[in-house]
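Engineer: Respectively, the protein sequence lines represent chains A and B. This note's numbering numbers the first residue of the first sequence as 102 and each following residue consecutively. This note's numbering numbers the first residue of the second sequence as 102 and each following residue consecutively.
There may be inaccurate statements among the hints.
Identical copies look the same in the list; a pair holds intra-copy or inter-copy alike.
To be verified - Only pairs whose alpha carbons sit at most 25 Å apart, straight line, appear in this in silico DSS-like list of lysine-lysine: (1) Lys636 x Lys162; (2) Lys636 x Lys128; (3) Lys636 x Lys226; (4) Lys226 x Lys184; (5) Lys458 x Lys529; (6) Lys395 x Lys457; (7) Lys356 x Lys118; (8) Lys636 x Lys535; (9) Lys684 x Lys495; (10) Lys447 x Lys582; (11) Lys447 x Lys483; (12) Lys447 x Lys569.
Calculated from the structure, these hints are not laboratory results. It should be emphasised that the depicted structure is a prediction, and the values quoted were computed from it without experimental measurement.
Listed below are the residues making up each chain.
Protein chains: 2
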Amino acid sequence: MYRTHTCGELRITDTGKVITLAGWVQKTREFGGMTFVDLRDRYGITQLVFNMETNAEQCQKARELGREYVIRVTGAVAERSNKNPNIPTGDIEITVDQLDILNPAVTPPFTIEENSDGGDELRMKYRYLDMRRPPLQRNLMLRHRMAQSIRHYLDLQGFIEVETPVMIKSTPEGARDFVVPSRMNQGQFYALPQSPQMFKQLLMVSGYDRYMQIVKCFRDEDLRADRQPEFTQIDCEMSFVEQDDILDIFEGLTKHLFKETLNVEFSGDFQRMHWEQAMAEYGSDKPDLRFGMKINCLKGADCHHGESGDAGTLLQTLPGQAFPLFAESEYIGGIVATGCAEYSRKQLDELTEFVKKPQIGAKGLIYVKYNADGTIKSSADKFFDAAALQKWAKVTGAKAGDLLLILAGKRDKTLKALGELRLEMGRKLELMDKNQFAPLWVVDFPLFEWDDETRRYYAMHHAFTSPKPEDVPYLDTDPGKVHANAYDLVINGVEVGGGSIRIHDSALQTRMFNIMGFTPEEADYRFGFLTNAFKYGAPPHGGIAFGFDRLVSLFAGLSSIRDVIAFPKNNQGRDVMQDSPAKIDDLQLDELGIRIVTSDE
Amino acid sequence: MYRTHTCGELRITDTGKVITLAGWVQKTREFGGMTFVDLRDRYGITQLVFNMETNAEQCQKARELGREYVIRVTGAVAERSNKNPNIPTGDIEITVDQLDILNPAVTPPFTIEENSDGGDELRMKYRYLDMRRPPLQRNLMLRHRMAQSIRHYLDLQGFIEVETPVMIKSTPEGARDFVVPSRMNQGQFYALPQSPQMFKQLLMVSGYDRYMQIVKCFRDEDLRADRQPEFTQIDCEMSFVEQDDILDIFEGLTKHLFKETLNVEFSGDFQRMHWEQAMAEYGSDKPDLRFGMKINCLKGADCHHGESGDAGTLLQTLPGQAFPLFAESEYIGGIVATGCAEYSRKQLDELTEFVKKPQIGAKGLIYVKYNADGTIKSSADKFFDAAALQKWAKVTGAKAGDLLLILAGKRDKTLKALGELRLEMGRKLELMDKNQFAPLWVVDFPLFEWDDETRRYYAMHHAFTSPKPEDVPYLDTDPGKVHANAYDLVINGVEVGGGSIRIHDSALQTRMFNIMGFTPEEADYRFGFLTNAFKYGAPPHGGIAFGFDRLVSLFAGLSSIRDVIAFPKNNQGRDVMQDSPAKIDDLQLDELGIRIVTSDE
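Next up, chain A with everything else stripped away, as it sits in the complex:
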């Protein structure tokens, strides 16, 4: 027998018991004639004590233990004289009678501690050692807890877990598929699913009513910082539902998860915000609501300040002055940084640099300091008098001591830039507490996005998303105006889930494919089995998918998904621990009927 207890289990009430423990040597230290060993396993740390006077042989053995040795000890539980209140086993220690080395260990290339001394690359190569560290263990146990909790909740709600296939047909739309050459059908390929979308819709056609699965999905994309080629989705679909039914169920799931795993409770319903409003007030379709700092419109169709149009007195320049930036801009908007009127030249310059970065793309930044003493200082002082600047304060809600930051330009782009600036100010002012959670539903997304390059419409959510019934008349005349029965769950500025009510009418689905520029043949080749299925009695249905990696990392208070995945790949899609992908035998290539023709040959 290797153990009677785990290293996290023994308490003062166990004093006197003779027990056996097994685990890893966290550290050893000598103190007079005593040797102390911290023995670690998944469950905790227990102190072992060896006494040179009473048991020289075992104590001598203990002195030769190295870090991460795997050992087994038998001894009696004793009360510690020097208690450690920081760990649950801190009141006791084990007086060891017998020590067995189960497996020695080479010294690890970095420390196995809360904060390791190992660099990223090294820790990825020795992932199995990195995963011994408490933060990784906490993350993976949180992930486990969440997965159980999700399935349990959905099971009670009548959802059935159905496994959808991993080797499917390639129907790329959006990202690239990973493909698998078939040996038995040479020249043909399976694809790995980007999501089980079509299968879950088929399950609704099959009458399964409520489907759920925590499932791996795959996208062969050029990897940005925090993407993985394989990722995990909480994938769900329901029949005979409308949008609100889905939001209600999955709001319930989300609240349940927060309560069960973090003991966080929300009072009342999650906010539901129209996509248009999110864009106008936060410059983002995934606003972080942990802080306010809404965008205020100073010019343009989003203005609600009661001024008599753009030509009102709000933007009235000083006599003889013209301010072309404002005059020529379709849109002007500003955010108020509370209490930042004291910002220095340097700080303001940094903000200007920030908004001028290519990925933000603003031309410049106008600021107005509403000083605590009632004076006003603005980068546009030359063009506007104090009365005008006071009007801006009124419209934006800026108070004495605040800083107003203004951008101008084309509406959509300027709103996005203001959204980024808002987040930057949120970071600077530390308004984004990772222990605070601000969930909301963003609803009524546009159905299509126009792509200038390929000159066609793309489905913003995906090709099976239904239009709002009231917008169907615009489908042919002005597709860009059509809104969708689509929704995202956003928490702290992170899109954790999204879904839609699907089209269940095969004629409407065909029309959609047409708008997206598929020929009937293409549409049939890619999606034929689905549109065909719809002819045999498809129920109204809709669903949602959550990014599980992202959700766990949000719950864990992390900014990256990498450390909530046991064996992640790096930014080149490589597993540096396994050294994969790798070459395969020529024989295997022959069997598959493929040949490698890389550019360097």
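Fit chain B to the supplied structure of chain A, relying on the hints for placement.
Structural biologist: Chain B only, in chain A's frame:
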């Protein structure tokens, strides 16, 4: 709102309530001025009634409904005059006020009933319709129930669900890997895992102590009747355990599953049988213990009948007669078919044909009929007198009225043939009740199998299985003699799970690779990251994997796994619904740096 209730929910106590239901039209029938519709969903069937006299418009609409139309109805719950005791909703019907057709349906190509009129091929092509049938719905709901139950049980036992990667390194040993060409690392490939074996062992090295996952695995094999290229495994691993710990935990899981999903309880522990005994008594490493009919040794090392060796009187031929088959055979064994002494010439000929089939491979069959009247008739009458035949009866336990069936030849082959003959007799005599379950553990498998063709040893379980400590001395001298810490869970002759205690000593692991004929370079290329990991403090560990598809099909009383999988592939590895695998674009091939070179080009 689409519905207030499901079609399986309403009872006599709901009479008078106005409700809304939605579902599929199972069938319609007219009866006088009334039209009855059976409305179906996943939860049940509810009868709808339309009255031409009181609501002609709706009744007319109902008369035009076709099979599988998706409809919504609103009406009052009423007591039925003509109750149907076979369904839970059989006491009530809905007097419909309002009928809406949500989606019409083309007539399905086969009936959606308990037993369909559709052939296999057709039902596979329209899998989404086949899955509406009650047997498929029951199977997939059973599968769901089992999955939840398994994870819940293991969670309570402290197992952590960890997702292992799907795109890994190709390390073929045994079956072929499916591979995935990498676009970002042209000329290199990922493989899909045949099992997460190495990852779960790494999780033990990482200290996760107890791991579980219900996970897809992949094997590119030539598909036999009941294999799928992707299949699902219940995959588990534990640290600081010995064989008995694992058997205890997973016997607990199995009992829990039987109790929770089938309400079947087992008294006492599952039988544990040595592999040698299983082979000697049942001619199989997965004996079906629903019936006895053990194999009895008449000659050879397996004999325990107390006769003085092979040359004893048991096989004494009549004076002047020689029976070379027996004399020259290494092994002779027989099974007793109780009450089959009356078997006809034709029936005995069929059995002879059966054992002579190439996959069984016996040369012929000797029978002895111990007739109810005390006479004996045997195909070997010419060579043995009644006294000898009576001795055979004593050794084999044959009684008056029984039939003794004897095979002779090389030991292992003859035992396997007898095992097959035993199963055949079990089928003929209907001794294999699918509602009876006979579980057992087969333990102490050989560590290696010798392959004559490649002239090397292969790991019988897999390369990481540990030898029995007492057999380690034979590793170098006689590997075939070494037994393994390996075990299978067998139920009703089906191997539902198997596992082993692993090697945790990297030196022993290296020795194993050497015995299996890997050069150090090969071993390092394939398994280097695992053997390297073992140097940093690997705990003793072991695990098990259950074939989940097989387990569900056993629980469902099916002989095939296909109907416990939502979207299976056919014997050519094709999904005939999706028509996959399929060709992909040349552009995609270019991006991957591969070219197709099938034999027909």
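Engineer: If the cut is 25 Å between Cα atoms, do Lys447 and Lys582 qualify within a copy, between copies, both or neither?
Structural biologist: Answer is neither; intra-copy 43 Å and inter-copy 80 Å both fail.
Engineer: Which holds for Lys226 with Lys184 at a C-alpha limit of 25 Å: within a copy, between copies, both or neither?
Structural biologist: neither (38 Å within a copy, 69 Å between copies)
Engineer: At 25 Å max between alpha carbons, let me know whether Lys636 reaches Lys535 within a copy, between copies, both or neither.
Structural biologist: The answer is neither: 48 Å in one copy and 38 Å across copies each exceed 25 Å.
Engineer: For the identical chains here, do Lys636 and Lys128 meet the 25 Å Cα criterion within one copy, between copies, both, or neither?
Structural biologist: For Lys636 and Lys128, only the inter-copy Cα distance (18 Å) is at most 25 Å; the intra-copy one is 67 Å.
Engineer: How do Lys636 and Lys162 come out at 25 Å by Cα distance, when the copy is not named: within, between, both, or neither?
Structural biologist: Between copies only: 20 Å across, 76 Å inside.
Engineer: Is it within a copy, between copies, both, or neither that the alpha carbon of Lys636 lies no farther than 25 Å from that of Lys226?
Structural biologist: For Lys636 and Lys226, only the inter-copy Cα distance (15 Å) is at most 25 Å; the intra-copy one is 52 Å.
Engineer: Please work out whether the CA atoms of Lys356 and Lys118 approach to 25 Å or closer within one copy, between two copies, in both situations, or in neither?
Structural biologist: Answer is neither; intra-copy 43 Å and inter-copy 33 Å both fail.
Engineer: When no copy is named, should Lys395 and Lys457 be tagged within, between, both, or neither for a Cα gap of at most 25 Å?
Structural biologist: within (21 Å within a copy, 84 Å between copies)
Engineer: If the cut is 25 Å between Cα atoms, do Lys684 and Lys495 qualify within a copy, between copies, both or neither?
Structural biologist: neither (66 Å within a copy, 63 Å between copies)
Engineer: When no copy is specified for Lys447 and Lys483, does a C-alpha distance of 25 Å or less occur within a copy, between copies, both, or neither?
Structural biologist: For Lys447 and Lys483, only the intra-copy Cα distance (21 Å) is at most 25 Å; the inter-copy one is 114 Å.
Engineer: Is it within, between, both, or neither for Lys447 and Lys569, if the alpha carbons may be no more than 25 Å apart?
Structural biologist: neither (49 Å within a copy, 73 Å between copies)
Engineer: Given a CA cutoff of 25 Å, do Lys458 and Lys529 count as a within-copy pair, a between-copy pair, both, or neither?
Structural biologist: within (17 Å within a copy, 81 Å between copies)
Of the numbered hints listed earlier, those contradicted by the structure are 4, 7, 8, 9, 10 and 12.
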